[in-house]
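Q: Sequence:
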Amino acid sequence: MGMTREQARYIERLYTEMYDSLCSYAYGILKNPHLAEEAAQETFQVACGKPADLISSKNPKGWLMKVLKNVLRNTLRRRATLEKFISEAESADIDLIADPAPGSNVDLMYSDMLTEAEFQLLKRVAIDQYTMLEAAEALGITVEACKKRVQRAGKKLRRKIEEIGVP
Numbered sequence: 003m004g005m006t007r008e009q010a011r012y013i014e015r016l017y018t019e020m021y022d023s024l025c026s027y028a029y030g031i032l033k034n035p036h037l038a039e040e041a042a043q044e045t046f047q048v049a050c051g052k053p054a055d056l057i058s059s060k061n062p063k064g065w066l067m068k069v070l071k072n073v074l075r076n077t078l079r080r081r082a083t084l085e086k087f088i089s090e091a092e093s094a095d096i097d098l099i100a101d102p103a104p105g106s107n108v109d110l111m112y113s114d115m116l117t118e119a120e121f122q123l124l125k126r127v128a129i130d131q132y133t134m135l136e137a138a139e140a141l142g143i144t145v146e147a148c149k150k151r152v153q154r155a156g157k158k159l160r161r162k163i164e165e166i167g168v169p
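Residue numbers (our numbering): 3 to 169.
Keep in mind the hints are simulated off the structure, nothing from the lab.
Among the hints, a few may not be true.
[What the hints assert, rightly or not] Simulated pairs of lysine to aspartate or glutamate, DMTMM-like, Cα-Cα distance not exceeding 25 Å:
{"no.": "1", "residue 1": "Lys-52", "residue 2": "Glu-40"}
{"no.": "2", "residue 1": "Lys-33", "residue 2": "Asp-22"}
{"no.": "3", "residue 1": "Lys-149", "residue 2": "Glu-139"}
{"no.": "4", "residue 1": "Lys-52", "residue 2": "Glu-85"}
{"no.": "5", "residue 1": "Lys-68", "residue 2": "Asp-22"}
{"no.": "6", "residue 1": "Lys-162", "residue 2": "Glu-39"}
{"no.": "7", "residue 1": "Lys-150", "residue 2": "Glu-164"}
{"no.": "8", "residue 1": "Lys-125", "residue 2": "Glu-136"}
{"no.": "9", "residue 1": "Lys-86", "residue 2": "Glu-146"}
{"no.": "10", "residue 1": "Lys-162", "residue 2": "Asp-55"}
{"no.": "11", "residue 1": "Lys-162", "residue 2": "Glu-118"}
{"no.": "12", "residue 1": "Lys-71", "residue 2": "Asp-114"}
{"no.": "13", "residue 1": "Lys-63", "residue 2": "Glu-85"}
{"no.": "14", "residue 1": "Lys-157", "residue 2": "Glu-139"}
{"no.": "15", "residue 1": "Lys-125", "residue 2": "Asp-114"}
{"no.": "16", "residue 1": "Lys-60", "residue 2": "Glu-85"}
{"no.": "17", "residue 1": "Lys-33", "residue 2": "Glu-165"}
[Unchecked claim] Using C-beta positions, here's what the derived DEER-type ranges look like:
{"no.": "18", "residue 1": "Cys-50", "residue 2": "Ile-143", "range": "29 to 39 Å"}
{"no.": "19", "residue 1": "Met-67", "residue 2": "Glu-139", "range": "15 to 25 Å"}
{"no.": "20", "residue 1": "Ala-10", "residue 2": "Gln-153", "range": "13 to 23 Å"}
All residues carry an ideal CB built from backbone N, CA and C; glycine is no exception.
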């Protein structure tokens with residue numbers, strides 16, 4: 003079910019009134035202006051998806067702040083998972099690497115940032131918990147070559163992520 007015109011106007015007024023303060027609050031948490039704007043926009047995306055909930059709330063501004071805090075929490079979780087994935091993939095001295103956070107979709111989030119071979123190698127080591135020896139044997143290369151490929155792919159992934167604004 004879509005929004006009525008009245009609901010759209012109400013949300014538009016809230017957007018005009020609160021967008022800057024939501025961005026400022028998000029920036030204080032994320033320390034990145036692009037991510038802060040994205041979080042504020044995602045907050046209003048949720049509001050547009052649930053206009054009746056927002057409008058029927060006793061405190062619509064508080065409702066938006068609560069949604070923003072949830073969006074920020076999810077953003078921080080994704081960033082932590084990403085940072086863990088990259089740092090573990092870069093560390094060729096580690097034989098086994100822990101799983102990412104439950105519910106994260108590593109393929110969806112990162113597969114387009116590397117070649118298929120690079121991504122599959124990182125995934126094999128970081129997610130599937132292959133040892134460097136197992137990954138090397140699967141590729142038919144030496145353990146040292148495997149470690150080097152993992153390090154290079156991890157660095158490439160980190161560069162790509164930094165380019166899109168995730169510190």
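Q: If a hint holds in the structure, say so; if it does not, say that too.
A: Each hint tested on the structure:
1. Lys-52 / Glu-40: 18 Å, holds
2. Lys-33 / Asp-22: 15 Å, holds
3. Lys-149 / Glu-139: 12 Å, holds
4. Lys-52 / Glu-85: 32 Å, violated
5. Lys-68 / Asp-22: Judged against 25 Å, a Cα distance of about 16 Å means the pair holds.
6. Lys-162 / Glu-39: 20 Å, holds
7. Lys-150 / Glu-164: Answer holds: Lys-150 to Glu-164 is near 21 Å, not above 25 Å.
8. Lys-125 / Glu-136: Holds, because 13 Å separates the two Cα atoms, which is no more than 25 Å.
9. Lys-86 / Glu-146: Within the cut-off at roughly 22 Å; holds.
10. Lys-162 / Asp-55: Distance ~38 Å between Lys-162 and Asp-55 Cα, so the pair is violated.
11. Lys-162 / Glu-118: 15 Å, holds
12. Lys-71 / Asp-114: With a Cα-Cα distance of about 29 Å, the restraint between Lys-71 and Asp-114 is violated, given a limit of 25 Å.
13. Lys-63 / Glu-85: Distance ~32 Å between Lys-63 and Glu-85 Cα, so the pair is violated.
14. Lys-157 / Glu-139: 23 Å, holds
15. Lys-125 / Asp-114: 13 Å, holds
16. Lys-60 / Glu-85: 39 Å, violated
17. Lys-33 / Glu-165: 16 Å, holds
18. Cys-50 / Ile-143: 29 to 39 Å: 50 Å, violated
19. Met-67 / Glu-139: 15 to 25 Å: Violated: the Cβ-Cβ distance is about 52 Å, outside 15 to 25 Å.
20. Ala-10 / Gln-153: 13 to 23 Å: 51 Å, violated
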